[in-house]
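**Student:** Sequence:
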Amino acid sequence: MTSERTRVLLWTYLPGLVLMAGGLLVFGKMLDDVREGDDFAAADQAVLDWLVANRSPWMTNVLAAITFVTGPTVLPILVFLACAGWWWWRREWWRPVLLAGAMIGSTLLGVVVKDLVGRPRPPEDTMHIPGAEHSASFPSGHTLGTATLLLVAGYLVCSRRRSTARLVGWGVLTVVGTVLVAVSRLYLGYHFLTDVIAAIGLAVAVLGAVSIVDRIHTGPPTASSDGRSADPAVVVPGNG
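Counting in this note's numbering, the sequence shown runs from 336 upward without gaps.
I should point out that these hints are in silico values taken from the structure, not numbers from a laboratory.
Some hints could be false.
Stated by the list, open to error - Listed next, with one range per pair, are the computed distances between beta-carbon atoms:
#, residue 1, residue 2, range
1, PHE415, LEU345, 34 to 40 Å
2, PRO455, TRP424, 41 to 47 Å
3, VAL446, GLN380, 24 to 30 Å
4, ARG501, ALA378, 33 to 39 Å
5, ASP384, ALA417, 34 to 40 Å
6, ASP384, PHE415, 34 to 40 Å
7, GLU339, PRO411, 41 to 47 Å
8, VAL503, TRP424, 21 to 27 Å
The beta-carbon is built from N, C-alpha and C at its ideal position, and this holds for glycine as well.
Model the full structure from these sequences, guided by the hints.
**Tutor:** This is the structure in structure tokens:
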């Protein structure tokens, strides 16, 4: 009984706690660097200056489009449509609600941290559109939102139907999508390097919290008739 209880507790909490600890460790490191002005923060201005000095018209157009789509105007609409479509197509409520909750939670978390840290934005003369951003700089909200969406949505899909191809696809999409948005924020002069790295750390921590909540809801895997582990979190149409 004790060993079974330990197995259940480890399955439920350990992966999420590891993700939360790792994400918060990255975030804490970036925050400390910003306050001390050393390590990663010492490279902030150099990275910003290099990207601004190497802008090109076509790259600016591409990255401006990416930053617009992942901003506070368009991304919430896309998330709402995705969650509503998920609910309608699969006839389930749990995963769409969990995704929406993660996005709302990460947004509120980003706003609170911005207000508490109060880091100024890069100089306006480095911004693609001077004065376009007025909120605090740390962490990057665009990067936090995009990374949270890709990480959490990918987890909610891959945890139900595991396959190597799906996991690899999720990993590639998450890395490429997050990096593109992070680079767009740096390239357009709206954030520093430490802002986007801190945002990624927070997104990983959010994924860890989502994993714990989801596993508490679904319960631990059980043994199938052929002796292999079967995940009860597999959802069929009509189930929550």
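**Student:** Look at each hint and say if it fits the structure.
**Tutor:** Status of each hint after checking the structure:
1. PHE415 / LEU345: 34 to 40 Å: Given about 35 Å between the Cβ atoms, the range holds.
2. PRO455 / TRP424: 41 to 47 Å: holds, 44 Å
3. VAL446 / GLN380: 24 to 30 Å: Because 25 Å falls inside the window, the suggested range holds.
4. ARG501 / ALA378: 33 to 39 Å: holds, 36 Å
5. ASP384 / ALA417: 34 to 40 Å: holds, 37 Å
6. ASP384 / PHE415: 34 to 40 Å: For ASP384 and PHE415 the Cβ distance comes to about 38 Å; the hint holds.
7. GLU339 / PRO411: 41 to 47 Å: The hinted range 41 to 47 Å holds for GLU339 and PRO411, with Cβ atoms some 42 Å apart.
8. VAL503 / TRP424: 21 to 27 Å: The hint (21 to 27 Å, Cβ to Cβ) holds, given that VAL503 and TRP424 are roughly 24 Å apart.
When held up to the earlier numbered hints, the structure conflicts with none and fits them all.
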